[in-house]
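Chains A and B supply the protein sequences, listed in that same order.
Read in order, the letters of the first sequence correspond to residues -19 to 180 in the numbering used here.
Read in order, the letters of the second sequence correspond to residues -19 to 180 in the numbering used here.
Derived by calculation from the structure, the hints in this document are not laboratory data.
Treat each hint with caution, since some may be false.
Pairs involving identical chains hold if they fit within one copy or between any two copies, as the list cannot separate such chains.
Here are the simulated DSS-like cross-link-like pairs (lysine-lysine), alpha carbons at most 30 Å apart as the crow flies [claimed, not checked]:
#1 K39 with K134
#2 K39 with K85
#3 K13 with K39
#4 K2 with K134
#5 K85 with K13
#6 K13 with K134
#7 K134 with K85
#8 K39 with K2
Residue-level listing of the chains:
2 protein chains.
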Amino acid sequence: MSEPIDFYFDFSSPYGYLASEKIDELASRHGRKVHWRPILLGVIFQHTGAAPLTMVPLKGEYSLRDFSRSARFLDIDYTHPETFPLPTQHAARAYYWLHDRDCAKAREFAHSVFRALYVEGRDISMIDVVLDLAARQGFVREELVTALGGGELKERLRAECATALARGVFGSPYIIVDGEPFFGVDRLPQIERWLASGGF
Amino acid sequence: MSEPIDFYFDFSSPYGYLASEKIDELASRHGRKVHWRPILLGVIFQHTGAAPLTMVPLKGEYSLRDFSRSARFLDIDYTHPETFPLPTQHAARAYYWLHDRDCAKAREFAHSVFRALYVEGRDISMIDVVLDLAARQGFVREELVTALGGGELKERLRAECATALARGVFGSPYIIVDGEPFFGVDRLPQIERWLASGGF
Chain A
-19 MSEPIDFYFD
-9 FSSPYGYLAS
1 EKIDELASRH
11 GRKVHWRPIL
21 LGVIFQHTGA
31 APLTMVPLKG
41 EYSLRDFSRS
51 ARFLDIDYTH
61 PETFPLPTQH
71 AARAYYWLHD
81 RDCAKAREFA
91 HSVFRALYVE
101 GRDISMIDVV
111 LDLAARQGFV
121 REELVTALGG
131 GELKERLRAE
141 CATALARGVF
151 GSPYIIVDGE
161 PFFGVDRLPQ
171 IERWLASGGF
Chain B
-19 MSEPIDFYFD
-9 FSSPYGYLAS
1 EKIDELASRH
11 GRKVHWRPIL
21 LGVIFQHTGA
31 APLTMVPLKG
41 EYSLRDFSRS
51 ARFLDIDYTH
61 PETFPLPTQH
71 AARAYYWLHD
81 RDCAKAREFA
91 HSVFRALYVE
101 GRDISMIDVV
111 LDLAARQGFV
121 REELVTALGG
131 GELKERLRAE
141 CATALARGVF
151 GSPYIIVDGE
161 PFFGVDRLPQ
171 IERWLASGGF
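Extracted from the complex, chain A is given alone in its bound form (with noise of 0.2 Å):
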């Protein structure tokens, strides 16, 4: 089978960041392509009834020291940003209106935004940053400013949230291969095997 792979995250979600610096190559490795699917966590949260990883009782302090040590163990730049979590919304729109006009593009853009937040320690909640990052791939920042005003893009967000949801997402990030899914960044061995052996 040769179907893209699935890869729902949140951009403010440092597994989801960790695996978009590695699902690519690991994909390309077994002639698979990704499709990237930014989620807010916010709306499965207010399913599913789960809160923010760092702020569960003992294991949000956890999670911090284990977010920056997964980092180092994938060799992945990260340092954890000040405000944390964030809303991403405006990224998760701005995304889906620069993959329907150029993917490869787009791409850039979720790889910027993530670094931006991750590395540069930059606010991505704000629009003015997503503006930004989407001109650097050389869109029109008017004409993205508009569709971020609009009502289409929101649409299109809450239904990715809502087939997400129906197929079972309940984190980030959330990887389906021809159906199986997979959660976490440290299922990423498992998915490499699962690619290379056509299940197990």
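Please build the complex by placing chain B on the supplied structure of chain A, with the hints as guidance.
Showing chain B alone in chain A's frame:
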């Protein structure tokens, strides 16, 4: 440093079982011993507000699939128990009683409890099953019956759970290496690197 590794787990934890099949060999590759410390997740969850994994919306269904898949990935026998989760206070108390008498046999007992649940499908919440497994290690059944009925052993397990909470334990398996905490069987590769390089 050559301090023992602390391995906290609940006997009804699938990921705890998977870790139990790997942790001693992993540690011994780096000249380390492992302190096995059964605790009760029910007690931990009373403090943190967490729920058993299989009862969490969406995550519960995923976890059932992930238990079996992670077992296959690690090449460990696994059959999900009909009754799950189940109370493990008898098994945990028996472990500490056995450990005070013969720590090697207590380790074998702990393995046999996990395998009774996850390979043989036995109900390890039953005191008779726990007594049978202890008897197989050569312990006198009546002595353990008496100990399990006394207050001392109950207090011992209560104290172990309190110590675990004070050390930040919020789930199973929770493994502490030279003060560094690792949560989940999926952190074994990080533990391996930590032991090999004295941190990273």
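These are the hints, each one checked on the structure:
1. Taking CA atoms no more than 30 Å apart as the test, K39 paired with K134 passes between copies only; the shortest distance there is 26 Å, against 33 Å inside one copy.
2. When the C-alpha separation of K39 and K85 is checked against a cutoff of 30 Å, the pair qualifies neither within a copy, at 36 Å, nor between copies, at 33 Å.
3. Taking the shortest Cα distances, K13 and K39 sit within 30 Å of each other only across copies (26 Å), while inside one copy they are farther apart (34 Å).
4. Taking the shortest Cα distances, K2 and K134 sit within 30 Å of each other inside one copy (29 Å), while across copies they are farther apart (48 Å).
5. When the C-alpha separation of K85 and K13 is checked against a cutoff of 30 Å, the pair qualifies only within one copy, where the shortest distance is 15 Å, while the shortest distance between copies is 51 Å.
6. When the C-alpha separation of K13 and K134 is checked against a cutoff of 30 Å, the pair qualifies only within one copy, where the shortest distance is 26 Å, while the shortest distance between copies is 55 Å.
7. For a Cα distance limit of 30 Å, the shortest separation of K134 from K85 inside one copy, 21 Å, qualifies, whereas the shortest one across copies, 62 Å, does not.
8. In this homomeric assembly, K39 and K2 come within 30 Å of each other (Cα to Cα) both inside a single copy, at 25 Å, and across copies, at 24 Å.
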